[in-house]
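Heads up: the sequence lines are chains A and B, in that order.
1 is the number of the first residue of the first sequence in this note's numbering; add one for each residue after it.
1001 is the number of the first residue of the second sequence in this note's numbering; add one for each residue after it.
Warning: the hint list may mix true and false statements.
Unchecked claim - In silico lysine to aspartate or glutamate, EDC-like type, Cα no more than 20 Å apart, as pairs: (1) Lys52(A) to Glu1121(B); (2) Lys1256(B) to Glu1287(B); (3) Lys155(A) to Glu1029(B); (4) Lys498(A) to Asp220(A); (5) Lys52(A) to Glu1287(B); (6) Lys52(A) to Asp1329(B); (7) Lys44(A) to Asp1359(B); (8) Lys1256(B) to Asp1359(B); (9) Lys253(A) to Glu1357(B); (10) Lys448(A) to Asp536(A); (11) Lys1211(B) to Asp1329(B); (12) Lys448(A) to Asp386(A); (13) Lys52(A) to Asp1263(B); (14) Lys498(A) to Asp1329(B); (15) Lys1256(B) to Glu1357(B); (16) Lys1208(B) to Asp1020(B); (17) Lys44(A) to Glu1188(B); (18) Lys253(A) to Asp1020(B); (19) Lys498(A) to Asp1018(B); (20) Lys253(A) to Glu94(A); (21) Lys1208(B) to Asp1329(B); (22) Lys253(A) to Asp56(A); (23) Lys253(A) to Glu1118(B); (24) Lys498(A) to Glu544(A); (25) Lys498(A) to Asp321(A); (26) Lys155(A) to Glu481(A); (27) Lys253(A) to Glu158(A); (28) Lys1353(B) to Glu1188(B); (29) Lys1211(B) to Asp1327(B); (30) Lys498(A) to Asp386(A); (31) Lys498(A) to Glu472(A); (32) Lys52(A) to Glu64(A); (33) Lys498(A) to Glu372(A); (34) Lys155(A) to Asp321(A); (35) Lys52(A) to Glu1122(B); (36) Lys379(A) to Glu504(A); (37) Lys1211(B) to Asp1263(B).
Just so you know, the hints here were simulated from the structure itself, not pulled from any lab data.
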Amino acid sequence: MAKPAKITSSSPVLETRRPDVEADGLARFAGVGSFLDDRVGLAKIARFGLRKVFPDHWSFLLGEIVLYSFIVLLITGVFLTIWFRPSMMELEYEGTYQLMRGLPMSEAYASTLAISFDVRGGLLVRQIHHWAAILFIAAMTAHMLRVFFTGAFRKPRELNWLVGVGLLSLSLIAGFSGYSLPDDLLSGTGLRFVDGLIRSIPIVGTWLEFFIFNGEFPGDALIARLYMVHILLVPGILLALIGAHLTMLVYHKHTQFPGPGRTESNVVGYPLFPVYMAKAGGFFFVVFGVLILMGATMQINPVWAYGPYNPAQVTAGSQPDWYMGWVEGAIRIMPNWESHILGTTWSWNVFLPGVGLMGLLFTALGVYPFVEAWITGDKSEHHLLDRPRNAPTRTALGVAGMTCYGMFWLAGGNDILATQFHLSLNAITYFMRVAVFVAPVIAFIVTKRICLALQRSDRERLLHGSESGIIERSPEGRYSEAHVPISHGEAWTLSQHKQYSPVEATPGVDANGVPLPGGGVSRRRALWSRRFFRHDIPKPTRAEIEEAHSHDSHADDDVKALEH
Amino acid sequence: MSHDMVRAAHHDAAFPVDPDLPVDNPGIEEHVPRYTDVEVAAGNRAYRRVLALLALVPVLAIVNVVCYFAIPRNVGFNVLGTNFNAHALALGLTGGLAVLLIGIALVSWGRDIMVDEEIAEERHPAASSPEERAAALVKVKAGIHESQASRRKLILGALGGGVGVLALPAIVLLADMGPHPTAATRRETIERTIWAEGVRLVNDVTAKPLKASDLEIGQLVNAQPENLFYLHGTDYLVEKSKSSLIIVRMDPASIKIPASRQDWQVDGILAYSKICTHVGCPISLWEQQTHHLLCPCHQSTFDLANSGVVVFGPAARALPQLPITTDADGYLVARGDFTVPVGPSYFERDSSKDFKEGDQ
C-alpha cells in the first residue's frame, strides 16, 4: 500500500505530481476498508483474491449460467412463496379466472391461480421461475459435458466432479418437487407416476409410499412436504454444495485450454478485478435479463389449462419437464416384466427403468474419473484441458452416453413422435427398445473414428502446414496445392498434449515372491488400458517435423532434379 | 520454410525446452492492442455506448412502474395466434430489457474499455509439500498423544458406537410420517375400494345412475360408485383414485368372456378399473373397433374384449374387472368390490389371482 507522501519543510517543492496509482483512486485503506481490515483482514483477502486470474473461453460460461439461473431461482422463488399456500385442503375457487369459479380444488392450486391472475407480476415471475429451472438444469448438463469431454474431472478435480454429480441429482429433485407443487392436472399426473415408482421398490416400497404420502395416494400431506423439500431442504443442500464447488474451484484455479504460453504450472487470462467482475457480473445481468424476457414472451406451464388434479383424468401427451424425459422414456419402452413369488410382486417393469436407471446414470458418472485413472494409470495433476480428439476413447464413450440418453429421451415422447410423424406408436417403441443399446455402439465407433481422423489431420498440419486452397500449375503441367506453414502458436497447441502408452501387466511381487509396495498391474487392467489407447495416432516427433519441413522447402528442387 | 515453428526464437525461464515435445512452447502471445485502445475516437464511442446503455435503464424502470399501475390486470391480446397477458408482457419486456442493458453495458465496459492484457499466474500443486506433510503429521501425532486416545483406545470406540447408535432414535423418530402398511391396514386402504354389493354405477360427471338399456354397443362411459359423491376433499380423491371405472358395451358374440366371468357382465356391458396397473394413470383412450384401451401416460394397451389382458406396453397385469349386474329398476350395480387390488403393483401384492390369458 502506498504511503501518503510526506513533505518536510526542508524539501524543495518542485512539482506536485501524484503517481498514477493514486490518481486512480485509493491512496490507503481508510474508512470502511480500514474498518473491515481491522476486523476481518480485508486487505489480506483482497491481496489474495482481487487479481486472481481466470482463463477466457466461451465454454467456461456454461457453469456461470448455472450459478446465475440458481440465483434467479432463489430471487423469484422467494417472491412466489409470498402468495403460494402449500395446502391440499379443499376449497371452492372464487378467484378471477371465470372458467373455474365454483370448482372444488386444493388451496395450493387456488393460490397458484391467484399468483397467475390476481397478483400483478405474478404470472411473469412464475414463468421466469419455471424457465430459470429449465435453464438451470440444461446449462448444468452442458457444463458437465464440457468438463467431461475436456477431461477437467481428472486429478486434482475428481472431488469437485463428485460434488457436481451431487448437484445434478439434487437439481432433478428440486425441479420435480417444484413442478409438482401447483397441484393442477399435469402435476398430479406426475405425482401419480412417482407413487407407482415408489411402490415398485422391492420390500420397502409400500412402506415408503405410506410414509411419503401419509397413507394412500394422494393423501393430504404431500404438497406441504414437497414444499419443504423444494424451498428448504434441497436448496439448502444445493447452496452448501455450490459453496464447496466454488471453493474447490478457487483452490485449484480454473483449468485452461492448451495454447501458447499455457502450461500445467500457470494460468493465463484476465484478472478477477476488474475484468472478470465486469464480465461475469455483466453476464449475470444478461442471464437474468434473458430469463425475464423469456418469462414475458414464452408461455410455460399454463396451470389454468387443464384444471385441478383429478385422479380420473389425464391429458393425452402428458410430458414431464425435459430433464425427466429420459426416465419417462425408459418407463415407456421397458418390457412388462413382473415376478410373482410367494404372494409378493416384484415390479421390474417400473423399478428397473425408474429407480435402477437413475441409480445407474449417477453411479456411472460418479465413478468415471476413478475408472479412467485406473485404466490409464495416470496419477499426475492436470490443469491443461484435453482437446476431445486427443482422448478418443473418452470422447467416444461420452458421445455414446449422450446417444443412449437421447434415445431414452426420444422414447419419452413416443406418442408425440407417432402423431407428428404419422408413425406406428408400437413400431417406435420396439425400435427404441433396440436403439437404446445399438445406437450408443454406433455412436461410439463413429465418434472414435472422427477423433482419430482429426488426430491425423493435426499430424498433417504439423508436418506439412495448412492447405492454402491455391492450386498451382507448374510449367510442365503438374498441379499441386501449395501448403502454408502454420503459426508457431498453433503448432504448439496441436502438439503439446501428452501421449500415453497403455499400462503393462506386472506381477505384484518381486523375484522372491515378496509383495511390491505399489502392487502389480493385473492383466485385465492392462487389457483395458490397451483398449483405451488403441488406435491413437502418434503425434510427429521433432525430427519428423524438421525432416518434413526441409522436404517441403526442397520439393521444387526435387522436381527439377528428377527432370534432369 | 524456416524452422521457427519448432523452436522458439528465445526461451524464457517459464517455458523451458522439453526435448520430448515436438514443438517448443512459444510463450504467451504478444498483446495486440484493440481498436478502442489506439483510436481515441473509437475509445470515446465505446465509452458513450456504455453510458447510453446505462442511461436507458432508468427510463425503462420508470416505464415499468407506470405499466404496473396503468395497465389493467388480465387484459389479453392475440399476436400470431398466441395469447399474451398485456400486464405481464409489458412488465417483462421493460424489466427484462433494463436488466439485460445493465449486463450488456458491464460486459461492454469489460471488453472494450478495461485493459485487456492477459496476465499469467503461477499454479501450485494441490498437494502440500513433504515438509508441510511432515509438520502436519507432527501436530496430528501430538494431538493424538495428548488426547490419550492411543493409550485409552476404548474411548474412541465407545464414542463412535454411541454416536452411531443415535441414528436409531433419529430414524425411529420418523415412524409417524404415515400409517404403517401392515396387512390389516393394506386390507382397509390400497386393497379395498368403496365398491360393494348393490352400489350403483353412476356417470362420473353428472352422478346420474346408468341404465343398462341406455348403453349402445361400442359406447364407453366413465363411471364412479354412487357413494363416492358423499365424500369430500382428501377422502374423495383417495377413493376416486381407486374406484374409477370404464364401462363398455360390446357385442357379446365378438368378445371372449371366460366361464368364471359370465355373470360379471350384463349383455356385453363390462366394467373395468380405469386405473392403469402400470403406475396408476387413468386410462382414457378407447379404440372402439379393436376393443383396445390405451393409457396415454405410457401406452400400455389392454384388450377389453379379453378380460382386460395386456396386449402392448409396460403394464404387466390385466385391468381388474368389476362384477356387475342390474337392480330391479334396470340400473347397473356392483356385485361386490374388485376381486384384486386396483392400481400399480406393490411388493406385498398377491398377484396370483389376477386374470391371465387363457384363464377360464
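Cross-check of the supplied hints:
{"no.": "1", "hint": "Lys52(A) to Glu1121(B)", "verdict": "holds (8 Å)"}
{"no.": "2", "hint": "Lys1256(B) to Glu1287(B)", "verdict": "holds (17 Å)"}
{"no.": "3", "hint": "Lys155(A) to Glu1029(B)", "verdict": "violated (28 Å)"}
{"no.": "4", "hint": "Lys498(A) to Asp220(A)", "verdict": "violated (60 Å)"}
{"no.": "5", "hint": "Lys52(A) to Glu1287(B)", "verdict": "violated (66 Å)"}
{"no.": "6", "hint": "Lys52(A) to Asp1329(B)", "verdict": "violated (87 Å)"}
{"no.": "7", "hint": "Lys44(A) to Asp1359(B)", "verdict": "violated (81 Å)"}
{"no.": "8", "hint": "Lys1256(B) to Asp1359(B)", "verdict": "holds (11 Å)"}
{"no.": "9", "hint": "Lys253(A) to Glu1357(B)", "verdict": "violated (64 Å)"}
{"no.": "10", "hint": "Lys448(A) to Asp536(A)", "verdict": "holds (10 Å)"}
{"no.": "11", "hint": "Lys1211(B) to Asp1329(B)", "verdict": "holds (8 Å)"}
{"no.": "12", "hint": "Lys448(A) to Asp386(A)", "verdict": "holds (15 Å)"}
{"no.": "13", "hint": "Lys52(A) to Asp1263(B)", "verdict": "violated (82 Å)"}
{"no.": "14", "hint": "Lys498(A) to Asp1329(B)", "verdict": "violated (88 Å)"}
{"no.": "15", "hint": "Lys1256(B) to Glu1357(B)", "verdict": "holds (11 Å)"}
{"no.": "16", "hint": "Lys1208(B) to Asp1020(B)", "verdict": "violated (88 Å)"}
{"no.": "17", "hint": "Lys44(A) to Glu1188(B)", "verdict": "violated (67 Å)"}
{"no.": "18", "hint": "Lys253(A) to Asp1020(B)", "verdict": "violated (27 Å)"}
{"no.": "19", "hint": "Lys498(A) to Asp1018(B)", "verdict": "holds (12 Å)"}
{"no.": "20", "hint": "Lys253(A) to Glu94(A)", "verdict": "violated (56 Å)"}
{"no.": "21", "hint": "Lys1208(B) to Asp1329(B)", "verdict": "holds (14 Å)"}
{"no.": "22", "hint": "Lys253(A) to Asp56(A)", "verdict": "holds (13 Å)"}
{"no.": "23", "hint": "Lys253(A) to Glu1118(B)", "verdict": "holds (16 Å)"}
{"no.": "24", "hint": "Lys498(A) to Glu544(A)", "verdict": "holds (17 Å)"}
{"no.": "25", "hint": "Lys498(A) to Asp321(A)", "verdict": "violated (42 Å)"}
{"no.": "26", "hint": "Lys155(A) to Glu481(A)", "verdict": "violated (44 Å)"}
{"no.": "27", "hint": "Lys253(A) to Glu158(A)", "verdict": "holds (14 Å)"}
{"no.": "28", "hint": "Lys1353(B) to Glu1188(B)", "verdict": "holds (19 Å)"}
{"no.": "29", "hint": "Lys1211(B) to Asp1327(B)", "verdict": "holds (9 Å)"}
{"no.": "30", "hint": "Lys498(A) to Asp386(A)", "verdict": "holds (9 Å)"}
{"no.": "31", "hint": "Lys498(A) to Glu472(A)", "verdict": "violated (37 Å)"}
{"no.": "32", "hint": "Lys52(A) to Glu64(A)", "verdict": "holds (17 Å)"}
{"no.": "33", "hint": "Lys498(A) to Glu372(A)", "verdict": "holds (16 Å)"}
{"no.": "34", "hint": "Lys155(A) to Asp321(A)", "verdict": "violated (34 Å)"}
{"no.": "35", "hint": "Lys52(A) to Glu1122(B)", "verdict": "holds (10 Å)"}
{"no.": "36", "hint": "Lys379(A) to Glu504(A)", "verdict": "holds (15 Å)"}
{"no.": "37", "hint": "Lys1211(B) to Asp1263(B)", "verdict": "holds (17 Å)"}
Hint violations for this structure: numbers 3, 4, 5, 6, 7, 9, 13, 14, 16, 17, 18, 20, 25, 26, 31 and 34, all remaining hints satisfied.
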